Each structure stands twice: as structure tokens, then as C-alpha cells.
Amino acid sequence: MNTPQASEALKLKFEDSVLQITEAFNETTVEVKKDAIREILSFLQTPEVGFNLLIDLTAVDYLHPKVCTKLVYWLRNATYLHQIRIVLYAEREQAVPSIVDLWPGANWFEREVFDLFGVNFDGHPNLKRILMPDDWQGHPLRKDYPLTEEPVEFKHEAKPKIPSRVIPNVGQSNTN
Amino acid sequence: MSDNLTQINQEILGDILELNLGPQHPSTHGVLRLKLRLDGEVVISAEPIIGYLHTGVEKECEFRTYHQVFTLIDRLDYLSGPAEEQAFAGAVERLMAIEVPDRAKIIRVILLELSRVASHLLWLGTSALELNMSSVYMYCFAEREKILDIFEELSGARMFPSFWRIGGLAKDATPLFHEQVKEYISGFHSTWKDLDNLLTLNYVWCERLQGVAVIDKDLSAKYLCSGPVARAAGINSDIRKNYPYLDYDTYSFEIPTYTEGDCYARYLVRLFEMKQSISLIEQALGKLKPGPIITDNLKVALPPRPLLARSMEAVIHQFKLVSEGMHPPSGELYEAVESARGELGYYLVSDGGNRPYRLRVRSPSFPHLAVLETVLTGSLLSDVVVAIASVDPILGDVDR
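Residue numbers (my numbering), protein chains in the order written: chain A, 1 to 176; chain B, 177 to 576.
Simulated from the structure, these hints should not be mistaken for lab results. Just so you know, not all the hints are guaranteed correct.
Computed cross-link-like contacts, SDA-like style, restricted to lysine to any residue with a CA-CA straight-line distance of at most 25 angstroms [claimed, not checked]:
{"#": "1", "chain 1": "A", "residue 1": "Lys66", "chain 2": "A", "residue 2": "Ala9"}
{"#": "2", "chain 1": "B", "residue 1": "Lys417", "chain 2": "A", "residue 2": "Tyr80"}
{"#": "3", "chain 1": "B", "residue 1": "Lys417", "chain 2": "B", "residue 2": "Val380"}
{"#": "4", "chain 1": "B", "residue 1": "Lys369", "chain 2": "B", "residue 2": "Asp325"}
{"#": "5", "chain 1": "A", "residue 1": "Lys143", "chain 2": "A", "residue 2": "Pro65"}
{"#": "6", "chain 1": "B", "residue 1": "Lys369", "chain 2": "B", "residue 2": "Pro351"}
{"#": "7", "chain 1": "A", "residue 1": "Lys70", "chain 2": "A", "residue 2": "Gln20"}
{"#": "8", "chain 1": "A", "residue 1": "Lys34", "chain 2": "B", "residue 2": "Val525"}
{"#": "9", "chain 1": "A", "residue 1": "Lys128", "chain 2": "B", "residue 2": "Lys369"}
{"#": "10", "chain 1": "B", "residue 1": "Lys451", "chain 2": "B", "residue 2": "Gly507"}
{"#": "11", "chain 1": "B", "residue 1": "Lys393", "chain 2": "A", "residue 2": "Gln45"}
{"#": "12", "chain 1": "B", "residue 1": "Lys417", "chain 2": "A", "residue 2": "Asp135"}
{"#": "13", "chain 1": "B", "residue 1": "Lys235", "chain 2": "A", "residue 2": "Gln45"}
{"#": "14", "chain 1": "A", "residue 1": "Lys70", "chain 2": "B", "residue 2": "Lys398"}
{"#": "15", "chain 1": "B", "residue 1": "Lys398", "chain 2": "A", "residue 2": "Thr28"}
{"#": "16", "chain 1": "B", "residue 1": "Lys211", "chain 2": "A", "residue 2": "Tyr145"}
{"#": "17", "chain 1": "A", "residue 1": "Lys66", "chain 2": "B", "residue 2": "Asp325"}
{"#": "18", "chain 1": "B", "residue 1": "Lys398", "chain 2": "A", "residue 2": "Glu153"}
{"#": "19", "chain 1": "A", "residue 1": "Lys66", "chain 2": "B", "residue 2": "Ser506"}
{"#": "20", "chain 1": "B", "residue 1": "Lys451", "chain 2": "B", "residue 2": "Ser506"}
{"#": "21", "chain 1": "A", "residue 1": "Lys66", "chain 2": "B", "residue 2": "Val380"}
{"#": "22", "chain 1": "A", "residue 1": "Lys11", "chain 2": "A", "residue 2": "Gly118"}
{"#": "23", "chain 1": "B", "residue 1": "Lys393", "chain 2": "A", "residue 2": "Asp135"}
{"#": "24", "chain 1": "B", "residue 1": "Lys393", "chain 2": "A", "residue 2": "Pro65"}
{"#": "25", "chain 1": "A", "residue 1": "Lys143", "chain 2": "B", "residue 2": "Phe364"}
{"#": "26", "chain 1": "A", "residue 1": "Lys128", "chain 2": "B", "residue 2": "Ile225"}
{"#": "27", "chain 1": "A", "residue 1": "Lys33", "chain 2": "A", "residue 2": "Ser7"}
Derived list of chain A stretches under chain B, where covered just means 3 residues or more per stretch with a C-beta under 8 angstroms from a C-beta of chain B [what the hints assert, rightly or not]:
{"#": "28", "region": "52-58"}
{"#": "29", "region": "73-85"}
{"#": "30", "region": "127-134"}
None of the values given here were measured: they were computed from a predicted structure. We treat Cβ as the ideally placed atom computed from N, Cα and C, and that holds for glycine.
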């Protein structure tokens with residue numbers, strides 16, 4: 001199936017779970033409910049639908065209008081070269097079903113999202129930090145996590161000329 | 177179950193050796209650490225551990241204006257910076273619907289393909305060095321040096337040209353650049369033949385590579401593999417053909433594809449890709465015509481220097497661009513390019529501000545390392561090094 005057909009099929013088959021379908025920049029985004037993600041992705045993966053390639057799994061964090069994390073699944077149909085983006089919103093501390101059994105390669109991608117965004121994946125075999133050190137506090141890509149400079153250690157009682165600081169996020173327009 | 181029991185027994189008896197390969201080991205191509213559990217020479221399990229080069233570039237990019245991002249992303253995949261720049265510039269250009277002038281597109285293609293050749297040469301040289309073939313290493317590095325010289329001549333920087341601007345290029349290419357590239361491609365064919373003669377039928381090379389670390393079609397799709405790894409497994413996919421950017425559809429080139437999926441197939445894919453890249457550069461040089469190299473949209477590109485003396489408007493545009501940057505419309509999109517390692521995707525989310533709200537780098541090396549966990553199980557310790565090299569991971573790109 002190509003993207004319009006697939007999004008139509010999704011709308012018919014999962015009418016309760018598909019919240020919104022948007023078109024922008026020649027890309028189709030389907031917003032779905034969190035709990036239905038596994039059924040929807042395994043439906044898209046079937047040979048009849050043919051979106052069998054998971055290209056990317058990532059997340060975007062939002063503070064406004066609601067504190068939540070958007071998970072983004074980017075799928076591709078290798079035959080038609082059509083692509084579709086499935087998104088879902090998860091609130092903080094809410095677990096999202098893991099898709100490692102559908103695509104074993106999603107393992108590291110989910111670990112990365114857990115590491116940087118703090119999203120818990122239900123049913124993930126080995127959910128631990130992957131990029132940050134194991135004892136790290138916090139999840140750096142959340143929007144309320146400040147960008148800080150690492151303090152530089154000086155020897156022989158030398159003082160740094162400019163002390164380390166938190167870099168303010170000036171100009172980020174998402175404060176309305 | 178009985179397998180499990182013997183394994184536990186072995187562990188109690190101390191027959192299983194736990195070995196950390198890396199993070200500081202020359203054969204891991206960076207700071208990759210592999211936790212190996214060995215039964216004699218056989219690998220029972222291998223766990224790649226990454227993150228030693230995590231620099232938080234994605235976070236940093238959220239605090240920089242769109243023009244400042246180029247310097248950061250260049251350093252992710254430090255062997256093919258131009259691919260990263262093209263992916264980001266392409267994403268912003270699509271977001272703002274900017275038309276890039278033809279000359280800029282062609283010079284971009286030349287730089288992208290040159291960097292692909294440079295990256296493959298470095299990969300080939302270091303892989304051969306690991307198998308103790310230091311002469312191949314010398315040939316490859318001598319050839320790569322010439323490409324870096326071209327980059328230096330053009331932009332002043334050897335590894336990271338930082339030549340991309342949103343809507344075009346930073347500078348125009350000089351006639352000298354044209355000459356240098358021409359000279360390079362005329363000399364490349366003999367080097368390519370040398371490399372081919374040295375390796376392709378070389379007994380040691382074939383024995384060490386054939387049948388090692390097989391990533392087949394199925395595994396490749398399940399583990400999100402792309403680029404040479406997928407093409408060596410028989411998946412005929414290339415972003416340049418499937419989702420053409422920079423008018424790649426107007427060039428004629430082939431995608432080398434093999435079906436074995438082993439290290440040798442990946443070697444062949446990269447070797448023949450270099451030849452295709454050179455042919456692409458040849459075609460691009462033929463198309464190169466004088467013309468503008470950056471869009472004339474002053475909301476995006478800096479005004480030409482002479483205009484600043486005459487036009488107040490140009491001065492205002494210059495001031496706004498330098499001090500505040502530009503404001504693309506809000507939206508999200510995914511732009512992929514074919515880097516030397518595979519599909520490099522940039523997922524850009526803009527909220528209408530002067531900085532990216534979120535910039536996700538889908539790096540090709542990341543899933544290629546994840547697949548090693550499966551592939552290495554049951555292989556010999558001496559093949560581990562070959563297997564790591566054959567997927568060509570760049571740890572700056574993996575860890576971001």
C-alpha cells in the first residue's frame with residue numbers, strides 16, 4: 001500500500017485509536033493513542049500493507065501547552081518507497097509499549113529515548129542508559145533540563161577567568 | 177536448557193573469559209568498547225558499549241541559531257562532514273521552500289562524492305592495516321590526502337569544509353578547484369586499479385573476509401541497516417536513487433549490490449562505490465556553469481559584500497541575520513541523504529523560532545553497531561576486529 005491507502009486503512013481499522021492525520025511537506029503524520037501503538041505498527045508491518053522498514057524512532061519533548069513527550073516512529077515501504085510517520089504523546093512517567101519484538105533493531109533506539117528523554121518502555125528486555133554514563137541524573141534532551149557548561153578543573157589553585165554557568169535559552173519562542 | 181546448564185558450569189569452572197576490547201583499542205575505529213565473553217577462541221556473547229564520545233550535539237543545537245548549527249554537526253561524522261551538512265541544509269531548505277542555484281547544487285555533489293571517496297579510502301586503509309597489509313594503508317592515505325588538499329584549497333579546512341550555507345554555498349569554487357578535481361579523477365583510476373589488484377583476489381584478504389560476519393537481508397531489515405551494509409545483503413536501496421536530492425536523478429550511476437552479506441561483499445560494495453562516485457564527479461564537472469552560488473533571498477543568505485555600501489536594506493538584513501538568525505516556519509520534516517555509511521537522516525522540528533526546536537540525527541552507524549551483538553555471537557575472536565571494521569562505524573556519529 002502507498003501512504004494515502006495506508007492512512008485510510010489505519011483510519012478504518014483503528015478508528016478509536018487514530019486521533020489525527022496531517023499532511024505537511026509531503027509527509028504524512030498519523031497521531032495515534034499510546035496503547036494502540038503495537039497493534040498499529042504490527043498492522044503496518046504485515047506484507048499486505050508493507051511498511052516493513054522502521055527507519056527511525058525518536059522523541060521530542062514539550063513543556064507547552066502540556067508537559068509531555070512525543071514519540072516518533074518513521075516507517076518506510078521498501079516497494080513503493082512511501083513513508084509514514086506515526087506519533088504518539090506520552091506524559092511524564094507513563095510507560096509506552098516496546099516494539100523490540102517487532103523490530104529487534106529498535107532495542108538501541110528505545111534505550112536512547114529512555115536515556116535522553118526518560119520514556120519507559122514496557123516489555124523492553126534491557127532498558128538501561130546507552131549514551132550517558134550509567135550513574136547520570138536526569139534526562140538531557142528534556143526541555144526542562146538546562147544546558148550547562150561542565151566545570152573545568154584547574155590545578156595549582158588557579159581560578160577560571162569565566163565561571164561555568166547555565167546557558168539561558170534566550171529566544172526560544174515556545175514560551176507562550 | 178542443557179546448553180544453558182553447560183554454560184553455567186563453564187562459568188563456575190572459570191572456563192569463560194570475559195574480555196573488554198576497547199574503548200582505547202586501535203582496531204575499534206574510535207572509542208567503542210566490546211564486552212566479549214569467550215570460550216577459548218569462540219565468542220559466546222558480545223555486547224557493544226557506546227557513549228564514550230557523547231557530546232550532546234543534539235541538545236547543543238537547540239541553543240544555536242540555524243547558521244551556527246553547521247559547525248557542530250560537521251564534527252559528528254568526522255569522515256564525511258559534507259553529508260551531515262547537506263542533510264541539515266536540505267532539511268532547512270525544504271522547510272523554508274528555498275531554491276538552491278544550480279551551480280551550488282553541482283559543487284555540493286562534487287564535494288559530497290569527494291568526501292565519500294575519502295571516507296571509503298580511509299576505511300579501506302585502516303581495515304587493511306588491521307590485517308597487517310600496511311602498503312594498502314599507505315596507498316589509501318596518499319590518495320585521501322589529495323582530497324583533503326582539494327578541500328583545503330577550496331575552503332581553508334581539511335577535514336570539515338563547513339562550506340554549506342542555507343540556500344547555497346559559502347564561497348564560489350575557483351578555476352583552480354576545477355583543475356584540481358580534474359587532475360584528481362584522472363589519477364584516481366590507476367590507484368583504484370592498484371587497490372583492486374592488491375586486495376580483491378588476494379588470498380589472505382579473501383580468507384579473512386569471506387563468510388565472516390554475515391548480515392543477511394532479513395537481519396538487515398530487522399536491524400534498520402542501510403547503506404553498504406544493506407547493499408551487501410542484496411537490498412538495492414540508495415537514498416540518492418530512491419529519494420533524489422541535489423538533482424541526483426539527472427546523473428547516471430549504478431548502485432553496486434551483492435547478495436552474500438559478508439565482510440567481503442561489503443568491501444566490494446565500497447570499492448565499486450568509489451568508482452561510481454568518481455564517475456558522478458566527472459559528470460558534475462561537465463555540468464558546471466558559471467552562475468550564482470547562493471539564493472538571493474536576503475532573509476536567508478547574507479547580502480553580497482558590495483551591496484552593503486549602497487543599500488540600507490542590505491545592512492538591515494545583514495544585521496538581523498548575524499545577530500538573530502532567521503525564522504523558518506513551524507513544522508517538522510525528515511530529510512535523508514546517503515552518507516558514506518548509509519542513510520543519514522535529519523529530523524528537524526521547528527516552532528517558528530530562530531533555533532531548531534529539536535534536531536534529531538538518525539545516524540547510520542548506530543544500528544550497524546547494534547547488529548554486531550547478534551552477528552558476533554559464535555564467531556572467532558580474530559574475526560571480531562574484521563567484523564567491526566566491515567560495518568565502518570564512526571563513533572562520533574554513533575554517540576553524537
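Status of each hint after checking the structure:
1. For the hint pairing Lys66/A with Ala9/A, the CA-to-CA distance comes to about 30 angstroms; that exceeds 25 angstroms, so the pair is violated.
2. With a C-alpha separation of about 13 angstroms, the suggested pair Lys417/B and Tyr80/A falls inside the 25 angstroms cut-off, and the hint holds.
3. The hinted pair formed by Lys417/B and Val380/B fails the criterion: a straight-line CA distance of about 35 angstroms is larger than 25 angstroms.
4. Distance hint between Lys369/B and Asp325/B is fulfilled; the C-alpha atoms sit about 22 angstroms from each other, no more than 25 angstroms.
5. Between Lys143/A and Pro65/A, the direct Cα distance comes to roughly 13 angstroms. Compliance with the 25 angstroms bound is thereby established for this hinted pair.
6. Under the criterion of a C-alpha separation no larger than 25 angstroms, the hint pairing Lys369/B with Pro351/B is inconsistent with the structure, at around 29 angstroms.
7. Taken as a hint, the Lys70/A and Gln20/A pair is honoured in the structure, with Cα atoms around 14 angstroms apart against an allowance of 25 angstroms.
8. A distance of roughly 21 angstroms separates the Cα atoms of Lys34/A and Val525/B; the hinted pair therefore holds under the 25 angstroms criterion.
9. Restraint check for Lys128/A and Lys369/B: the C-alpha separation of about 47 angstroms exceeds 25 angstroms, so the hint is violated.
10. With a C-alpha separation of about 39 angstroms, the suggested pairing of Lys451/B with Gly507/B is violated against the 25 angstroms cut-off.
11. Note on Lys393/B and Gln45/A: the hinted pairing holds, with a Cα-Cα distance of about 16 angstroms set against a maximum of 25 angstroms.
12. For the hint linking Lys417/B to Asp135/A, the alpha-carbon distance of about 44 angstroms lies beyond 25 angstroms, and the restraint is violated.
13. Straight-line distance between C-alpha atoms of Lys235/B and Gln45/A comes to about 32 angstroms, which puts the hinted pair past the 25 angstroms bound.
14. For the proposed pair Lys70/A and Lys398/B, the alpha carbon gap of about 23 angstroms is at most 25 angstroms, so the pair holds.
15. For the hint pairing Lys398/B with Thr28/A, the CA-to-CA distance comes to about 23 angstroms; that is within 25 angstroms, so the pair holds.
16. For the hint pairing Lys211/B with Tyr145/A, the CA-to-CA distance comes to about 31 angstroms; that exceeds 25 angstroms, so the pair is violated.
17. Our distance criterion of 25 angstroms between C-alpha atoms is broken by Lys66/A and Asp325/B, whose separation comes to about 52 angstroms.
18. The hinted pair formed by Lys398/B and Glu153/A fails the criterion: a straight-line CA distance of about 45 angstroms is larger than 25 angstroms.
19. Of the pairs offered as hints, the one joining Lys66/A and Ser506/B holds, with about 18 angstroms between alpha carbons and a cut-off of 25 angstroms not exceeded.
20. Of the supplied pair hints, the one linking Lys451/B and Ser506/B is violated, its CA atoms being roughly 41 angstroms apart against a limit of 25 angstroms.
21. With a C-alpha separation of about 61 angstroms, the suggested pair Lys66/A and Val380/B falls outside the 25 angstroms cut-off, and the hint is violated.
22. Restraint check: the Cα-Cα separation between Lys11/A and Gly118/A comes to about 30 angstroms, which exceeds 25 angstroms; the hinted pair is violated.
23. This hinted pair does not check out: Lys393/B and Asp135/A have alpha carbons roughly 38 angstroms apart, beyond 25 angstroms.
24. The hinted pair formed by Lys393/B and Pro65/A fails the criterion: a straight-line CA distance of about 44 angstroms is larger than 25 angstroms.
25. A threshold of 25 angstroms between alpha carbons decides the hint, and for Lys143/A with Phe364/B the separation of about 49 angstroms lies outside it, so the pair is violated.
26. Note on Lys128/A and Ile225/B: the hinted pairing holds, with a Cα-Cα distance of about 11 angstroms set against a maximum of 25 angstroms.
27. In summary, the hint linking Lys33/A to Ser7/A is supported, as the alpha carbons are separated by about 15 angstroms, within the 25 angstroms threshold.
28. Coverage of the region 52-58 of chain A by chain B holds [criterion: at least 3 residues with CB-CB distance below 8 angstroms; count 6].
29. Counting residues of the region 73-85 of chain A whose beta carbon lies closer than 8 angstroms to any beta carbon of chain B gives 5, which meets the minimum of three for the stated coverage.
30. Under the rule that three or more residues need a Cβ within less than 8 angstroms of chain B, the assignment of the region 127-134 of chain A holds, with 5 such residues.
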